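Protein chains: 2
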Amino acid sequence: MTVPTTDSTRLAYRAWRPVAQPRAYELVVDRIEEQIYAGVLTVGDRLPAERDLASMLGVSRAAVREAIRALAAQGVLASAVGAGRDAGTTVAAMPSEALTRFLRLHVALANFPMPDVVDARVMLERGSVRLAARQRDAEALRGLEVLLTRMETPGLDREEFNDLDSDFHIALAEAGGNRLVADITTAIRASMRLPILQSCQATGAWRQISTRLCRGHRTIVDAVASGEGDTAAAAVESHIRYAYEALLYTR
Amino acid sequence: MTVPTTDSTRLAYRAWRPVAQPRAYELVVDRIEEQIYAGVLTVGDRLPAERDLASMLGVSRAAVREAIRALAAQGVLASAVGAGRDAGTTVAAMPSEALTRFLRLHVALANFPMPDVVDARVMLERGSVRLAARQRDAEALRGLEVLLTRMETPGLDREEFNDLDSDFHIALAEAGGNRLVADITTAIRASMRLPILQSCQATGAWRQISTRLCRGHRTIVDAVASGEGDTAAAAVESHIRYAYEALLYTR
Numbered sequence: 001m002t003v004p005t006t007d008s009t010r011l012a013y014r015a016w017r018p019v020a021q022p023r024a025y026e027l028v029v030d031r032i033e034e035q036i037y038a039g040v041l042t043v044g045d046r047l048p049a050e051r052d053l054a055s056m057l058g059v060s061r062a063a064v065r066e067a068i069r070a071l072a073a074q075g076v077l078a079s080a081v082g083a084g085r086d087a088g089t090t091v092a093a094m095p096s097e098a099l100t101r102f103l104r105l106h107v108a109l110a111n112f113p114m115p116d117v118v119d120a121r122v123m124l125e126r127g128s129v130r131l132a133a134r135q136r137d138a139e140a141l142r143g144l145e146v147l148l149t150r151m152e153t154p155g156l157d158r159e160e161f162n163d164l165d166s167d168f169h170i171a172l173a174e175a176g177g178n179r180l181v182a183d184i185t186t187a188i189r190a191s192m193r194l195p196i197l198q199s200c201q202a203t204g205a206w207r208q209i210s211t212r213l214c215r216g217h218r219t220i221v222d223a224v225a226s227g228e229g230d231t232a233a234a235a236v237e238s239h240i241r242y243a244y245e246a247l248l249y250t251r
Numbered sequence: 001m002t003v004p005t006t007d008s009t010r011l012a013y014r015a016w017r018p019v020a021q022p023r024a025y026e027l028v029v030d031r032i033e034e035q036i037y038a039g040v041l042t043v044g045d046r047l048p049a050e051r052d053l054a055s056m057l058g059v060s061r062a063a064v065r066e067a068i069r070a071l072a073a074q075g076v077l078a079s080a081v082g083a084g085r086d087a088g089t090t091v092a093a094m095p096s097e098a099l100t101r102f103l104r105l106h107v108a109l110a111n112f113p114m115p116d117v118v119d120a121r122v123m124l125e126r127g128s129v130r131l132a133a134r135q136r137d138a139e140a141l142r143g144l145e146v147l148l149t150r151m152e153t154p155g156l157d158r159e160e161f162n163d164l165d166s167d168f169h170i171a172l173a174e175a176g177g178n179r180l181v182a183d184i185t186t187a188i189r190a191s192m193r194l195p196i197l198q199s200c201q202a203t204g205a206w207r208q209i210s211t212r213l214c215r216g217h218r219t220i221v222d223a224v225a226s227g228e229g230d231t232a233a234a235a236v237e238s239h240i241r242y243a244y245e246a247l248l249y250t251r
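Same order as they appear, the protein sequences are chains A and B. Going by this note's numbering, the first residue of the first sequence is number 1, and it counts up by one from there. Going by this note's numbering, the first residue of the second sequence is number 1, and it counts up by one from there.
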């Protein structure tokens, strides 16, 4: 909860805990981020030279360099060497992969309870298929059809099935046309890759489970193709809940 | 779309683009992340010493140091100096703030279309209020009530109103009890802070708009308190859509 409390409560609470002293480079990172949030720095803009930044912010050039490296590692900044027009450090459009990677790490380490991850997927994918059913994009539907057919190949390797399943859910999210939602969905599915794969490999009921998963996919795609958003939403929810029941809660 | 293509198409596509040569530290980052995804490294685990990692991976100690710094900047690793039991680099539980910060940067830079951001919020918050209506947690409801009352204070500063509004939506997401969803909702709301604030400050119809926003909040909280999930979901959707209509699409 973020209900503000009085200043004295807050002070008493903070009183004798260890002081977190931010390092110089962290302060530089904060300043650069502030400029981005404020819209002053935007994609493609060049950062001032290292020397100038250091003197403006009153920190060492090493601190500036470390801040730039940390932000570059996250895809926020891009550096090019040389002295030409393209040299220097610019603000980058963070690629979807950066978000996927970060969210995947976060889900892996923050140790969210499995039912929370399932509910999050349900919320997002219900919304995506509703959008997809409104769009009924022919190319997206063809792509989903290709994946369905491949997943129905008899004797398909479990790891390949799992990867195609992941592709299917990403394609479904993309068929909704909302890139932010598709990025988050992709990240959550990717973070679950390993536990899902391990369960696929461990289960003794693989044939029944995979058949039922494929049937679930067909029901979703049929509903999307005929523009029935409510049916598609219900179908994707029961499909996701079934998959986790069958694969992850039983271990 | 992630429909796999044939190898020759893929090769032709990649043929004459610049070669992206990963730097040594990036390869070290990849290796550490693989261990995390595989569940070999988990929260609290200690990384091998810098010297050992460098020799095992066949890279310089500088590359290992840079990788550790980049991951520490993202909250994945924590380093402690000294020689005691707690010294060394350990895997950290990434805090919610790290995700919020990253997603906020991503939304700011990836430049998602506004309707996509709105739809994402609608999906997540519809889901959250449904969960909240099922829980009807007394403490969460009291917290929401406190925020509502503060927002209804006549003559409240627009910036303060905006911050309380943000707190309200975060508290609503937390009342659903799903931390992953709450984290994502918080991040998306935070990424919109500036444009929403600017619109609040620019509009000539502030009194009507803020009154209607407060009424929307009341309707949501009432529905949650009486356990009516469907009503709460409909109310939060129309509230969010109204806010963006009134504040952001009209500029």
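Don't read these hints as lab results, they were simulated from the structure. Please read all numbers here as calculations on a predicted model, not as lab measurements. For glycine and all other residues, C-beta sits at the position ideal for the given N, C-alpha and C. Just to be clear, a hint being listed does not mean it is correct.
One side of the interface only, derived from the structure: several residues of chain B facing chain A at Cβ under 8 Å [to be verified]:
1. Ala70
2. Ala73
3. Leu131
4. Gln135
5. Gly204
6. Trp206
7. Ile209
8. Ser210
Quick list of the computed label-pair ranges, beta carbon to beta carbon [claimed, not checked]:
9. Arg51/B to Thr211/A: 24 to 34 Å
10. Ser79/B to Leu194/A: 23 to 33 Å
11. Asp52/B to Arg31/A: 32 to 42 Å
12. Arg207/B to Leu194/A: 47 to 57 Å
13. Ser226/B to Val43/A: 44 to 54 Å
14. Arg136/B to Met114/A: 21 to 31 Å
15. Leu27/B to Val43/A: 22 to 32 Å
16. Ala80/B to Ala49/A: 29 to 39 Å
17. Arg193/B to Ala234/A: 32 to 42 Å
18. Met114/A to Pro95/B: 30 to 40 Å
19. Ala62/B to Pro154/A: 47 to 57 Å
20. Gly204/B to Arg31/A: 33 to 43 Å
Far from chain B, some chain A residues (derived; all Cβ distances over 12 Å) [said to hold, decoys possible]:
21. Asp52
22. Val59
23. Gly88
24. Ala92
25. Ala108
26. Ala120
27. Gly155
28. Ile188
29. Gln198
30. Ser226
31. Tyr242
32. Glu245
message: If you test the structure against every hint from before, which numbers come out violated?
response: Per hint list: 4, 5, 6, 7, 8, 9, 18, 24, 25, 26, 28, 29 violated.
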